[in-house]
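Enquirer: Take the given structure of chain A and dock chain B to it, following the hints.
Quick note, the sequences are listed as chains A and B, same order.
Using the UniProt record's numbering, you'd call the opening residue of the first sequence number 1 and step up by one each time.
Using the UniProt record's numbering, you'd call the opening residue of the second sequence number 1 and step up by one each time.
Keep in mind that the hints were calculated from the coordinates and are not lab data.
All residues carry an ideal CB built from backbone N, CA and C; glycine is no exception.
Treat the hints with care, as some may be off.
Unchecked claim - Now the stretches of chain B that chain A is said to cover, found in silico as 3 or more residues with beta-carbon under 8 angstroms:
hint	segment
1	200-210
2	291-305
3	431-437
4	496-504
Stated by the list, open to error - Here are the simulated lysine to aspartate or glutamate pairs, EDC-like style, with alpha carbons at most 20 angstroms apart:
hint	chain 1	residue 1	chain 2	residue 2
5	A	Lys89	B	Asp428
6	B	Lys298	A	Glu425
7	B	Lys74	A	Asp107
8	B	Lys74	A	Asp428
9	A	Lys413	B	Asp174
10	A	Lys49	B	Asp174
11	B	Lys49	A	Asp107
12	B	Lys308	A	Asp107
13	A	Lys439	B	Glu301
14	A	Lys68	B	Asp428
15	A	Lys145	B	Glu63
16	A	Lys74	B	Glu451
There are 2 protein chains.
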Amino acid sequence: MIFMRLCRYHQKLLSTHRLKLSQCFSTDKGSSIRDGDDDGSKSDFRHHKGTRDCNNQQIILREKVLNKIIHCFKRHGAETIDTPVFELKETLTKKCMYGEESKLLFDLDDKIGEQLSLRYDLTVPFARYLAMNKITNMKRYHIGKVYRRDNPNLQKGRFREFLQCDFDIAGQYDAMIPDAECLRIISEILNSLDLGEYKIKVNHRKLLDGLFTACGVPRHLFRTICSSIDKLDKVKWDDVCKEMVNHKGLDPTTADKLGQYVESYGNEVSLDVLLKDEALLHQKKAVEGIEELRLLLKYCEFYGILDKVVFDLRLARGLDYYTGVVYEAFLQEYETGLRSKGGDGVTVGSIAGGGRYDDLVGMFDSKGNMVPCVGLSIGVERIFAIMEHKRAESGDSKFPRSEVEVYVVTPQKKMLEERMRICKELWDADIKAEHSYRKNPLTLNQFQYCETHRIPLAVIIGQSEMQAGIVKIRNIATREEHDVKRKDMIEEIKIRLSAMKQQEE
Amino acid sequence: MIFMRLCRYHQKLLSTHRLKLSQCFSTDKGSSIRDGDDDGSKSDFRHHKGTRDCNNQQIILREKVLNKIIHCFKRHGAETIDTPVFELKETLTKKCMYGEESKLLFDLDDKIGEQLSLRYDLTVPFARYLAMNKITNMKRYHIGKVYRRDNPNLQKGRFREFLQCDFDIAGQYDAMIPDAECLRIISEILNSLDLGEYKIKVNHRKLLDGLFTACGVPRHLFRTICSSIDKLDKVKWDDVCKEMVNHKGLDPTTADKLGQYVESYGNEVSLDVLLKDEALLHQKKAVEGIEELRLLLKYCEFYGILDKVVFDLRLARGLDYYTGVVYEAFLQEYETGLRSKGGDGVTVGSIAGGGRYDDLVGMFDSKGNMVPCVGLSIGVERIFAIMEHKRAESGDSKFPRSEVEVYVVTPQKKMLEERMRICKELWDADIKAEHSYRKNPLTLNQFQYCETHRIPLAVIIGQSEMQAGIVKIRNIATREEHDVKRKDMIEEIKIRLSAMKQQEE
Numbered sequence: 001m002i003f004m005r006l007c008r009y010h011q012k013l014l015s016t017h018r019l020k021l022s023q024c025f026s027t028d029k030g031s032s033i034r035d036g037d038d039d040g041s042k043s044d045f046r047h048h049k050g051t052r053d054c055n056n057q058q059i060i061l062r063e064k065v066l067n068k069i070i071h072c073f074k075r076h077g078a079e080t081i082d083t084p085v086f087e088l089k090e091t092l093t094k095k096c097m098y099g100e101e102s103k104l105l106f107d108l109d110d111k112i113g114e115q116l117s118l119r120y121d122l123t124v125p126f127a128r129y130l131a132m133n134k135i136t137n138m139k140r141y142h143i144g145k146v147y148r149r150d151n152p153n154l155q156k157g158r159f160r161e162f163l164q165c166d167f168d169i170a171g172q173y174d175a176m177i178p179d180a181e182c183l184r185i186i187s188e189i190l191n192s193l194d195l196g197e198y199k200i201k202v203n204h205r206k207l208l209d210g211l212f213t214a215c216g217v218p219r220h221l222f223r224t225i226c227s228s229i230d231k232l233d234k235v236k237w238d239d240v241c242k243e244m245v246n247h248k249g250l251d252p253t254t255a256d257k258l259g260q261y262v263e264s265y266g267n268e269v270s271l272d273v274l275l276k277d278e279a280l281l282h283q284k285k286a287v288e289g290i291e292e293l294r295l296l297l298k299y300c301e302f303y304g305i306l307d308k309v310v311f312d313l314r315l316a317r318g319l320d321y322y323t324g325v326v327y328e329a330f331l332q333e334y335e336t337g338l339r340s341k342g343g344d345g346v347t348v349g350s351i352a353g354g355g356r357y358d359d360l361v362g363m364f365d366s367k368g369n370m371v372p373c374v375g376l377s378i379g380v381e382r383i384f385a386i387m388e389h390k391r392a393e394s395g396d397s398k399f400p401r402s403e404v405e406v407y408v409v410t411p412q413k414k415m416l417e418e419r420m421r422i423c424k425e426l427w428d429a430d431i432k433a434e435h436s437y438r439k440n441p442l443t444l445n446q447f448q449y450c451e452t453h454r455i456p457l458a459v460i461i462g463q464s465e466m467q468a469g470i471v472k473i474r475n476i477a478t479r480e481e482h483d484v485k486r487k488d489m490i491e492e493i494k495i496r497l498s499a500m501k502q503q504e505e
Numbered sequence: 001m002i003f004m005r006l007c008r009y010h011q012k013l014l015s016t017h018r019l020k021l022s023q024c025f026s027t028d029k030g031s032s033i034r035d036g037d038d039d040g041s042k043s044d045f046r047h048h049k050g051t052r053d054c055n056n057q058q059i060i061l062r063e064k065v066l067n068k069i070i071h072c073f074k075r076h077g078a079e080t081i082d083t084p085v086f087e088l089k090e091t092l093t094k095k096c097m098y099g100e101e102s103k104l105l106f107d108l109d110d111k112i113g114e115q116l117s118l119r120y121d122l123t124v125p126f127a128r129y130l131a132m133n134k135i136t137n138m139k140r141y142h143i144g145k146v147y148r149r150d151n152p153n154l155q156k157g158r159f160r161e162f163l164q165c166d167f168d169i170a171g172q173y174d175a176m177i178p179d180a181e182c183l184r185i186i187s188e189i190l191n192s193l194d195l196g197e198y199k200i201k202v203n204h205r206k207l208l209d210g211l212f213t214a215c216g217v218p219r220h221l222f223r224t225i226c227s228s229i230d231k232l233d234k235v236k237w238d239d240v241c242k243e244m245v246n247h248k249g250l251d252p253t254t255a256d257k258l259g260q261y262v263e264s265y266g267n268e269v270s271l272d273v274l275l276k277d278e279a280l281l282h283q284k285k286a287v288e289g290i291e292e293l294r295l296l297l298k299y300c301e302f303y304g305i306l307d308k309v310v311f312d313l314r315l316a317r318g319l320d321y322y323t324g325v326v327y328e329a330f331l332q333e334y335e336t337g338l339r340s341k342g343g344d345g346v347t348v349g350s351i352a353g354g355g356r357y358d359d360l361v362g363m364f365d366s367k368g369n370m371v372p373c374v375g376l377s378i379g380v381e382r383i384f385a386i387m388e389h390k391r392a393e394s395g396d397s398k399f400p401r402s403e404v405e406v407y408v409v410t411p412q413k414k415m416l417e418e419r420m421r422i423c424k425e426l427w428d429a430d431i432k433a434e435h436s437y438r439k440n441p442l443t444l445n446q447f448q449y450c451e452t453h454r455i456p457l458a459v460i461i462g463q464s465e466m467q468a469g470i471v472k473i474r475n476i477a478t479r480e481e482h483d484v485k486r487k488d489m490i491e492e493i494k495i496r497l498s499a500m501k502q503q504e505e
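Only chain A is shown next, with the shape it has when bound in the complex (with noise of 0.2 angstroms):
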């Protein structure tokens, strides 16, 4: 799904957290690091403003995150694709999927005889290959990165380089039937990362468009009048009604007739207030909307999510292509109640979104053939700096364990080839292991090489070792030493490997 909203809550909510989520952006370091300046714009070399790069500390992270999400993906009969990283121009901008925002497009140079932007979403691509194969329907997952030429702010978090994470149901089936189970998706996986407390809040385009239709809006004021409703979020109703009204032209009247509909906002009660209410009940498209909300919160009922789903008539999402319900999720530790409590300067953050875009794979294929989606997007770059603002607040900053279970050690001169010839049989044996790169390394080093990458076995032979036969095995952390025979050091190895990896669990 498409989710350019994230990005932007993303960045609010990082601002009012930046003391203690700008660490969590900042230029990563290695572990064998020369005296030298800390920001690296200052090197020769560097990358562009709002890239950057990861070391493995955080590919670990988020690989652990995109695991669990992946496994929820597949839980629900999802399937993956892999899709070029830059489309051809006119794929991205000929049917204005992305209105103004298309000035955001990365564009390569046109000296390669076709003009190709990076993708600016995974949606946009995922049309474009059902439409290209002719396939009516797929259940899809989609990891990748895209690109918008938006102004960077590392401190905010605001990268031309990010990472999307989408799960899309195309096909042509009965109603919220798929839609509930995205909403089930996005639960499941925000239980699966225990990111605290969250709301889903659904909404419907065809009631907003019957509400728009009720209050007077002119039809080709919908969709702007729409990404205004959208901003409700972050901006008091007095300022979106003055963009409505002074910028984009709007009838004042029809201004507070809006107004007073989006205070009435709210769960399952509220859709019945809005069946009661006289102008709505005149409005086809509203009905529709609000009897296809009703079915979806029973399936929700049915799947098990109800007290997590809420009906928020201000939920708009600001992509023109939505045509049926849209939803975002939001985590209570982060909500501060703009939308709901009319406050302001505390900004809020969506940590999933999606919604049914039902014409977009048609306007992709040459004879126009339908084919309905709906769809979520996983914020996983929020749930990253969540993830990393957590970990450095439990201190758990120290140096990163190795993945590495053996070292062998050798404490004199010209014990190279030994070292070699045990590497071997550990490598051999699928056992991680290293050792010295150096000819004639110090003891010592050998044994700080250990105890800073957290390496939990050391093999050691020496000459007396050479002679007897055998070979000591060192438990780094209590620094016990054990004598092995050599032909049992593979095994033992195994043993003790096995034993720790144990008592951890």
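Expert: The following block gives chain B in isolation, referenced to the frame of chain A:
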């Protein structure tokens, strides 16, 4: 490691196997396909020539290969990094590290204010990363896509976006110890992938430089003559000789001398032969190169891979920045001996390669601090093609098996709620489950879905089962059905799934 030649080899190899392999590169198809053109390019929207999508089946195969490779990298204690898909163009071109190949860079539109290019390989971003973060030692792997504005030829497997898979050891260490580990890693990976017999050819840039001096090649022609020598695996000596004399201005006598040397190649024995060569013995660099190669072969013996490694004086590798040992691995099934027999016509492909490049990182450091490096690149795209070819030959082209474990079936109408409630229970229990997105699907369609997607179990819930407080569990393959109490459903399914998994193993 930069790995340009692999692609060229790959193209050549594939062209000889074109009929068989071309199917591996065809446009992929989804599960439900409308009648229509096979050729995606006839669609309104398509992707850029030289790029492609990957479907789920291809991704599963790729991940299987990559996981084996990553497992090996981790066995040797490597960590991983991630870098942006584009770099400042000056990073990629200032030091002319790609020479003539710079014209193949994919540039971004410069309206962005900075001139950016898509990364051409993973080695230069690694060098930039080390220099920028002032890291003096690191063992890292990196798997990522790179971009070359080469003339695409999909049938030959030449793409403009393709995956590279690199491992490098950076740091000031004793001679040949990390270099030998790189050869060991190539060997471990090729063993684990079970691609058949292979040889790793090694040579040394210093030896080549000494040889050039001994033959009278002028200093300024060293690198370009190196490129010519490197073509000897694909082109006959006569043609290479013509190129050197007619196009590069080499003296014909010098070329003849060079020709005599490049006939004397082989394993350690040949190294000894070279050491008896008066002219070479006067070249300090040549002697250094030979000594280092002898040490390398000794270490290869300790690491148990000497039988895989052969010295080959004709191996040069195309890139300018190599400064020491260079190597390439060849599958014997695809090696047809231009190098070894002087034959012609049939092409040769390398499946991995690399070498030592001690000066590259220093180019990115403002103070010119050197970080010596040695690394390797695994030709994963080529390996994917071979694997897909093998799978196609083995006839394993039936509908891919879904990962879904249980499909929930209702044989009567108006049972959606029960299907949803059962799915909820299954998902809660971390069982991969699906049901129809139709309100009232036909029973036959539901079972057909299970059979097509090879889902092992179905849970059947009808009116009579509901009244009896049971569900039916059906084994899709055997069509056997058993009644199970509703409350025992999850436990019973877990037992059956685990029994099925054991049977498969």
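Enquirer: Taking the hints in turn, state whether each one holds.
Expert: Going through the hints against the structure:
Given a C-beta distance limit of less than 8 angstroms, the hint that chain A covers the segment 200-210 of chain B is violated, as 0 residues qualify and 3 are needed. Check result for the segment 291-305 of chain B against chain A: holds, 4 residues qualifying (beta carbon to beta carbon below 8 angstroms, three or more required). Residue count for the segment 431-437 of chain B with a Cβ under 8 angstroms from a Cβ of chain A: 5. That meets the three needed, and the coverage hint holds. Only residues whose C-beta sits within less than 8 angstroms of a C-beta in chain A count toward coverage, and the segment 496-504 of chain B has 0 of them, not enough to reach three; the restraint is violated.
Distance restraint check for Lys89/A and Asp428/B: the Cα-Cα separation of roughly 43 angstroms exceeds the 20 angstroms cut-off, and the hinted pair is therefore not satisfied. Straight-line distance between C-alpha atoms of Lys298/B and Glu425/A comes to about 17 angstroms, which keeps the hinted pair within the 20 angstroms bound. For the proposed pair Lys74/B and Asp107/A, the alpha carbon gap of about 37 angstroms is over 20 angstroms, so the pair is violated. Distance hint between Lys74/B and Asp428/A is fulfilled; the C-alpha atoms sit about 14 angstroms from each other, no more than 20 angstroms.
Taking the CA atoms of Lys413/A and Asp174/B, the gap is about 14 angstroms. The hint holds against a cut of 20 angstroms. Under the criterion of a C-alpha separation no larger than 20 angstroms, the hint pairing Lys49/A with Asp174/B is inconsistent with the structure, at around 38 angstroms. The hinted pair formed by Lys49/B and Asp107/A meets the criterion: a straight-line CA distance of about 16 angstroms does not exceed 20 angstroms. As the CA atoms of Lys308/B and Asp107/A are separated by approximately 47 angstroms, the hinted pair breaks the 20 angstroms bound.
Annotation: proposed proximity of Lys439/A to Glu301/B holds, straight-line Cα distance about 16 angstroms (limit 20 angstroms). For the hint linking Lys68/A to Asp428/B, the alpha-carbon distance of about 14 angstroms falls within 20 angstroms, and the restraint holds. At most 20 angstroms may separate the alpha-carbon atoms for a hinted pair to count; Lys145/A and Glu63/B meet this at roughly 18 angstroms. Restraint check for Lys74/A and Glu451/B: satisfied, since their Cα atoms lie roughly 19 angstroms apart, inside the 20 angstroms limit.
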